[in-house]
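Engineer: Just so you know, we're using UniProt numbering here: the sequence shown kicks off at 1 and counts up by one.
Rather than coming from a laboratory, the hints here were simulated on the basis of the structure.
All values derive from a computational prediction rather than experimental measurement.
Treat each hint with caution, since some may be false.
Result set (DSSO-like, lysine-lysine): computed pairs, CA atoms no more than 30 Å apart in a straight line [as the list claims (entries may be wrong)]:
1. Lys151 <-> Lys103
2. Lys99 <-> Lys151
3. Lys10 <-> Lys47
4. Lys134 <-> Lys46
5. Lys10 <-> Lys62
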Amino acid sequence: QPECWIEMAKAIEEHYNEYDGFVITHGTDTMAYTSAALSYMLQHSKKPIAITGSQIPISFSKTDAKRNIADAIRFACEETGGVYVVFDGRVIQGTRAIKLRTKSYDAFESINYPYVASIHDNTVEYTKSVGSSKEELTVNTSLCTDVAVVKLFPGIKPEFFDGLKDVYQGVVVESYGSGGIPFQVRNILAKLIELTNHGV
Numbered sequence: 001q002p003e004c005w006i007e008m009a010k011a012i013e014e015h016y017n018e019y020d021g022f023v024i025t026h027g028t029d030t031m032a033y034t035s036a037a038l039s040y041m042l043q044h045s046k047k048p049i050a051i052t053g054s055q056i057p058i059s060f061s062k063t064d065a066k067r068n069i070a071d072a073i074r075f076a077c078e079e080t081g082g083v084y085v086v087f088d089g090r091v092i093q094g095t096r097a098i099k100l101r102t103k104s105y106d107a108f109e110s111i112n113y114p115y116v117a118s119i120h121d122n123t124v125e126y127t128k129s130v131g132s133s134k135e136e137l138t139v140n141t142s143l144c145t146d147v148a149v150v151k152l153f154p155g156i157k158p159e160f161f162d163g164l165k166d167v168y169q170g171v172v173v174e175s176y177g178s179g180g181i182p183f184q185v186r187n188i189l190a191k192l193i194e195l196t197n198h199g200v
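Using the sequences and the hints, build the whole thing.
Structural biologist: Rendered as structure tokens:
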């Protein structure tokens, strides 16, 4: 939840000068949301903030939790600032991580961006050069939590959006392809214009 992101950001800000890096353990279903949010809330971090979790609970014999936590701690010892998802031996930029698989160990992928690094036998091998920020840590905990995400699908009715305009301040529309929005038969585009004119 956004309230939890604020708590995490404030905790890191409070202890930022005490540690060389940070590890956050997290459930996998919403991990990508958290990594993206913290990437924008904790800008210009010179220290690594590694977010990790597991597909299988730590009490199970085939758990991936121990490896993922060990890898996250290892990466948190690096001098690579920023927020990252560390999972299944891969390091993913916080704003690029997405969970694509629910049952396999390699749950996360990096979208339209290379993996930052891989971790094998306690060794970090970089695949992407990551520059260190010259600016000081900037923490922004002012969030608008009244934001909805809507994925377009064939047959969606314009009236679907009517229920959003008095509840949310913003709507993120996951459109088709590179931004296609229907405007024939079911005119979604006109309804979105109506929403923005309403102040959403």
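Engineer: So, for every hint listed, does it hold in this structure?
Structural biologist: For each hint, the structure was consulted:
no. : hint              : in the structure
1   : Lys151 <-> Lys103 : holds, 23 Å
2   : Lys99 <-> Lys151  : holds, 16 Å
3   : Lys10 <-> Lys47   : holds, 15 Å
4   : Lys134 <-> Lys46  : holds, 8 Å
5   : Lys10 <-> Lys62   : violated, 34 Å
Checked against the numbered hints given earlier, the structure breaks only hint 5 and satisfies all the rest.
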